[in-house]
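Colleague: Now for the letters of each chain:
Number of protein chains: 2
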Amino acid sequence: MGRWQPNARGRLEQAALDLYVERGFAQTTVTEIAGRAGLTERTFFRHFADKREVLFSGSAELQELLVAAVNGAPEGAAPIDAVAAGLDAIGDLMQERRPYARRRQSVITANTELRERELIKLATLSAATAEALHRRGVAEPAASLAAEAGIAVFRIAFGRWVGGPDDKELAQLMRESLAELKAVAAGA
Amino acid sequence: MGRWQPNARGRLEQAALDLYVERGFAQTTVTEIAGRAGLTERTFFRHFADKREVLFSGSAELQELLVAAVNGAPEGAAPIDAVAAGLDAIGDLMQERRPYARRRQSVITANTELRERELIKLATLSAATAEALHRRGVAEPAASLAAEAGIAVFRIAFGRWVGGPDDKELAQLMRESLAELKAVAAGA
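Residue numbers (this note's numbering), protein chains in the order written: chain X, 1 to 188; chain H, 1001 to 1188.
No wet-lab data here; the hints were simulated from the structure. Yeah, the Cβ is synthetic: ideal placement off N, Cα and C, and Gly gets one too. Treat the hints loosely; a few may be bogus.
As the list claims (entries may be wrong) - Cβ pair distances, simulated, as ranges:
no.: 1; chain 1: H; residue 1: Glu1075; chain 2: X; residue 2: Gln14; range: 50 to 56 Å
no.: 2; chain 1: H; residue 1: Ala1186; chain 2: X; residue 2: Arg52; range: 51 to 57 Å
no.: 3; chain 1: H; residue 1: Gly1072; chain 2: X; residue 2: Ala26; range: 50 to 56 Å
no.: 4; chain 1: X; residue 1: Arg103; chain 2: H; residue 2: Arg1115; range: 41 to 47 Å
To be verified - Some chain X residues flagged as far from chain H (calculated, every beta-carbon gap over 10 Å):
no.: 5; residue: Glu22
no.: 6; residue: Phe25
no.: 7; residue: Thr31
no.: 8; residue: Leu65
no.: 9; residue: Asp81
no.: 10; residue: Asp92
no.: 11; residue: Val107
no.: 12; residue: Ile156
no.: 13; residue: Ala188
Start from the sequences and build out the full structure, keeping to the hints where you can.
Modeller: As C-alpha cells, then:
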C-alpha cells in the first residue's frame, strides 16, 4: 500500500480492458479492475478519473503527436499537407498497438456512452489541429475545414483498419482515404 | 387534464428555452417547464423523453430534409453535389428560425452535456447522409467521406451564422464553406 508499483498504469489498463471484454463495460467496477491488477482502488484513482477514462488515456498522446507533426510541417506547406503529416505520425504510433486497438474498439462499439465519449475526443483532436494550423498562419474557416477533413479521414481509415480483415497499415489507409476525400471534394 | 392541448409541443419548447436562457439548463426542472407552458408533466413526457431532448427535437426534421434532398439530386450528380443539395435544403429551413437558433445555441454552448449531445446528433446526420449516398450507388469510403465533408461544412458555417454579426444567410455561408473545403482539399 502506498509503495511505488511498477507500471501500475499499464497493469490497470490491461486489467480494465480484459474485464470489459469478458463481462462488458457496464458490468465492471473499479474495485474489480484494481483487484485484477493486484493494486488498490486508491492507486486506480491516482491514474484515472473513472473507469471510462482508462479507455481514452491514449488520446492526450495522440493529440501531442498530431499537433507536433502539424507544427513541424515544412514552412509553406498547404494546410491539408500539414494535416496529412499529422495523420502519418499518429498512424505509425497506432500501428504498433493494433491488437490493443481492436479489443478496445469492440468494447467502445458495444456501449453508447463510450461511443459518445469517442466523438468528444475526436472533436477535441479536431479543435487542437485547427489551433495548430492557426499558429501556422492559416485563417478561418480554412483551418477548421482542413482539421475537420483530417479527422474525417482518420475516423474512416481507422474504422477500416480496426474492423477490416486485411493487413493494410493505418497510415496507408489514411493516405488512401485522404486521396479519396480529395477526389470527392473535386466532384469525382 | 388529458384534454387535447393546442400546440402543446411548441409551447413546451418555448417555455423550456425561455427557462434555460433565464436560469440555465441544469437549474431547470421538467415541472417548471410544464408549469410555465400551462401544461402537465404528463403532457411534457408525451412529447419529449427528457428536458435535454426538447432542444434536439428539430434534428429528425433536419435529417429527413437532408436525406430527401440527397435522394432527389439529379441522377449522375457527383456525391459532393448531392450533399450540397442537402445542405441547401436545411439551410433554407433553419434560416427562418434564426432567432430561435441563436438562443438555443447559447444554452448548448454553456453546457458540456448538451455539447456532447449535439456531436452525437451531427454524427447521426452524417451516417444518414452516407446511407442516402449508398442508395445512390456511391461506394465506401467515398460515401462516408462526402457525408463527413458535408457535415463539417454544416458545422463550420452554422457556427459562423449563429454566432456571427453579419446577416449572411446560412445556405450562402454553407456554399462558401464548401467552396473553401474544395480549395483546402486541392491543397490551396
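Colleague: Check each numbered hint against the structure and report the violated ones by number, ascending.
Modeller: The structure breaks hints 2, 3, 4, 9, 12 and 13; every other hint is satisfied.
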